[in-house]
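Please arrange chain G on chain R, whose structure you already have, making use of the hints.
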Amino acid sequence: MLTSQLIKEAARRYGADLVGIGDIRHFAGTAPEHDPRLILPTARTIIGLAMRIPRGLNQVMQSGTQRYAANYLGTKTISEELTVLLLLKLSRLIEDEGYEACPQRTCPNIRARDDDGTNPEISENISLRHAIPVAPGKPAPDVLIDFTQAAVICGLGSPSWRGQLLTTAFGPFQRLAFIITNAPLEADEPFTASLCDQCGACAAACPGQAIGDKPMDVTYAGQTFTTRSYDRWQCSVYYRGAHRANPLQPPDFLADHPDREAIRDGRYRFDEESAKAIYPKLNFLPQAQYGYVACLCGRACDQACYSHLKEKGLLEDRRAAALQAIREGVRP
Amino acid sequence: MIDKEAIRRFALESGADLCGFGDLNRFEGVPRAMDPRFVFPAARSLICLAFRMPRGVQRGIEEGTQFYQYPSLAYGGINETYAPSILYEVGKFIEDQGYEAMIYRNTGARGSVSDMDGTPGNTLSPEEQIVYQQTGSRTAHHRTVQTTRPVSPEQEAPDLQFHFRLAAVACGLGEIGLSKMLLTPQFGPMQRFAFIFTDAPIEPDPMYSGKPLCLKCKACIRECPGHCLSDTETVTVTVGGKPMTWAKLDEWRCYIYYTYSGRKQDPFVPTEVFDQHRDGKLRIYEHPEVKANEQEVLNVYATLDPYFPSQVGYNMAKCAGCIGACVNMLERGGCLKGKFKEPFRKGLRRWNIDR
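Chains R and G, in that order, give the protein sequences. If you count by the working numbering, then the first sequence holds residues 1 to 332, one letter each, in order. If you count by the working numbering, then the second sequence holds residues 333 to 687, one letter each, in order.
Source of the hints: derived by calculation from the structure; they are not laboratory data. One or more hints might be untrue.
Taking lysine-lysine pairs in the DSBU-like style, the calculated list, with each CA pair at most 30 Å apart, reads [as the list claims (entries may be wrong)]:
(1) K89/R x K678/G
(2) K310/R x K138/R
(3) K671/G x K89/R
(4) K669/G x K623/G
(5) K548/G x K678/G
(6) K543/G x K138/R
(7) K424/G x K336/G
(8) K336/G x K543/G
(9) K543/G x K424/G
(10) K89/R x K424/G
(11) K138/R x K678/G
(12) K89/R x K673/G
(13) K673/G x K543/G
(14) K138/R x K424/G
(15) K89/R x K336/G
(16) K138/R x K574/G
(17) K673/G x K8/R
(18) K8/R x K336/G
(19) K138/R x K671/G
(20) K424/G x K76/R
(21) K671/G x K550/G
(22) K673/G x K574/G
(23) K424/G x K550/G
(24) K580/G x K89/R
(25) K596/G x K580/G
(26) K550/G x K276/R
Because the structure is a prediction, the values reported are computed rather than measured.
Bound-form chain R, shown alone:
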């Protein structure tokens, strides 16, 4: 018999660091373009899976000594390989009990119809703005679930200032995947507290000033969280290293550009057109397979967030649980 406990144990065995199970009914009111019930109409639950990004990868980015490893191991390997293994293995287990498992990995290079932003991690994004519904009553494909919303519903954490997920285990340093299923699993309670205390350290740390201060309330599972405006096109330029502190910039970087200093200082505002125009000047490190571009801002926002959460004592100390697990021969 398939139980929540069995799913959680298996997910950890297959590589998940955090597992939560959400009641699909908490998606009531979600826009059809993001509603998992329109992917699997018989869905009852959604399984949330988080894989940590090893902290050391971010520490060497912060210290300015290594940027390449984080792109490959912290982004590409987790999203394209470890997540795939986890999702496929867990889906088999669910199928073997006769239930449908609709695995949901990130779709890093496509943008939903209502999304005119971009994914800074990927070299090229494809817009689905031309898509039409296949039949009346259905949304135009692809339905892309909101990973932060789904994680809150699964009880994993709460949104940060810029809207990504924060957990008590890893702060902002995890990547997510989900399985929508019609298995009648016992659900966890949605996460109701807010780990983000609105300190604004992430916005202050961004070399491109991509994170604004305009409040944007989001409501997930009946709980309202305050996030802030986040300019993904602006982020994408500084993620690729347009800022002055990027040690890979040559002395003649943008030498003939009239706004060179404003760009390097993060004062220049980029939109889709101007961001795409400057990308060719930002090839400081090779891309990883699947088009993942190297992160040259060092995820300064996440580093600042993590430091703040740790300083405030909002992160779990996992050492005791890990030692206990080693003694018992299981994953914590």
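The following block gives chain G in isolation, referenced to the frame of chain R:
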């Protein structure tokens, strides 16, 4: 003597869904350029591992609401990550018993003959790898090998490509259906394969001899949006003395429809684009008499490039006509061993865009 059941048990515990053992002599009579006995001439046995595609990755296509997860997880994910990780483990298991294990993943077309029409030479293939320049699109394409020759008179030109589905038949896992897909009693058409050639002497499994797996219902033929499977012509080959018959497949046409499935089945291409190019670059969709070939592929891919062409590295599968139709009919016929509590499809046919 290596313990065959120990290998099978290890493979299944490692994450394979099916494991079969084949006799290489069952390939007697295949064209030399596709004869797996040339891959590793010292091999005495062939092991087939099958990896299921979760039925749930087809769910979004079936509902018409999500297309990304299938090519990403059940095509690229299995071929690039899942299957190699298990091949590696099973290969080590065999090596540790003193035998060679030549592990062989799904390669995409890199053979010396075209997987489109079987002719030697330089043609496009729909599998992974990138040939942007020739196609004028961002979509993944590949060419069969550019230049190749045998390294010795008794060898075949590298890299030799053998027929995965027929090799799975030779390992006793199932039969080829009318759709040209390999059908197994457990998963119907929903699996991918990888192989291990070994010099270990292993008693082969018997060829599949149970109830016929293909219902000959022709749902695959009816539901292919490109009419790529013939309703009148068939192809028959013999594997291990057992004839396998399938409907003649127009591979070039399948290539086109697989990624851009036409007016009724591709929700990502606006109607006006089909209208604008109906007598030009997209004529293949509107005029049944147009013969599909490499040039028509190039016309379609270059024209439709802005409309969701590729999950980086693998083409988007937007048709799924044959596979969905087959799963539906096999479930209705009670032919699949894995029993889902709810059916794949409630009605007989899936959606068609009304335009």
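Are there hints from earlier that the structure breaks, and if so, what are their numbers? Those not satisfied are hints 2, 4, 6, 9, 14, 16, 18, 22, 23, 24, 26.
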